[in-house]
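Engineer: Generate the whole structure from the sequences, applying the supplied hints.
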Amino acid sequence: MLTEQDYKDGQILLIDKPLQWTSFQVVNKLRWLIRRNFAIKKIKVGHAGTLDPLASGLLIICTGKFTKRIQEFMGQIKEYTGTITLGATTPSYDLETEIDETFPIDHISEEVIKTTTKQFIGEIEQYPPIFSALKKNGKRLYEYARQGEEVEISVRKITISTFEITRVELPEVDFRVVCEKGTYIRSLAHDFGKALQSGGHLSVLRRTKIGEFSVDDAISPEVFENQLHTEIETT
2 MLTEQDYKDG QILLIDKPLQ WTSFQVVNKL RWLIRRNFAI KKIKVGHAGT
52 LDPLASGLLI ICTGKFTKRI QEFMGQIKEY TGTITLGATT PSYDLETEID
102 ETFPIDHISE EVIKTTTKQF IGEIEQYPPI FSALKKNGKR LYEYARQGEE
152 VEISVRKITI STFEITRVEL PEVDFRVVCE KGTYIRSLAH DFGKALQSGG
202 HLSVLRRTKI GEFSVDDAIS PEVFENQLHT EIETT
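First residue of the sequence shown? That's 2 in the numbering used here, and the numbers climb one at a time after it.
Honestly, the hints are just simulated from the structure, not real lab data. We put the beta carbon where it would ideally sit given N, CA and C, even for glycine. All clues given are correct.
Here are the simulated distance ranges between beta carbons:
no.	residue 1	residue 2	range
1	E102	R157	20 to 30 angstroms
2	Q120	G212	23 to 33 angstroms
3	R37	G123	43 to 53 angstroms
4	K45	Q120	36 to 46 angstroms
5	V113	R36	47 to 57 angstroms
6	I78	R36	28 to 38 angstroms
7	D10	E102	46 to 56 angstroms
8	I71	K42	21 to 31 angstroms
9	S155	G11	33 to 43 angstroms
10	S110	P19	29 to 39 angstroms
11	S110	R37	49 to 59 angstroms
12	Q120	G11	34 to 44 angstroms
Structural biologist: This is how it looks when you write it as structure tokens:
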């Protein structure tokens with residue numbers, strides 16, 4: 002049974018972030034639950050790596066003194082699974098915004114799809130999406146995007162060690178990606194569509210691993226709440 006002191010000394014909580022939740026909402030929910038259950042005013046709670054609201058999967062939550070380890074976890078290798086929908090692009094590179102352009106996909110075969118993944122393995126250059134939380138001149142990129150302002154985005158070097166195609170049912174292509182910190186899977190989907198002489202956007206995303214931590218060992222915020230209640234009742 003975890004005590005108030007255990008949470009203050011530091012815990013690593015593996016949460017399976019539901020769709021439509023922001024990572025910030027998960028942190029707020031867990032902080033509120035811990036404070037309420039132990040009747041305490043303050044407890045440090047933070048997450049190690051943001052997931053977009055339209056993504057689900059593994060979120061590492063650190064409490065108390067373990068919040069100092071957040072940077073350590075953020076730097077670890079990550080694994081994602083998901084779906085790229087070919088033949089159409091969106092400004093956000095995912096389903097946050099509406100389709101803005103469509104392209105033919107008749108020329109794309111399964112063999113071409115699998116061969117094209119090789120272009121994206123190793124150290125590559127990638128432009129982050131304009132709809133991202135990265136800052137430029139003290140302002141987040143998505144703020145410029147929502148105001149219709151054009152802004153120059155700097156290219157970044159990223160490393161992808163695995164880009165595996167697990168299902169092809171055009172226009173949908175399922176994938177598994179293993180990558181280092183700083184990789185935008187939305188940008189990968191967009192660039193992959195371009196490389197296929199078509200278009201593409203991310204339609205499903207799930208983070209399955211961070212370092213040695215797996216989403217198979219994670220629980221939902223609801224299950225965490227129930228476990229916390231159970232612990233309180235049995236102490």
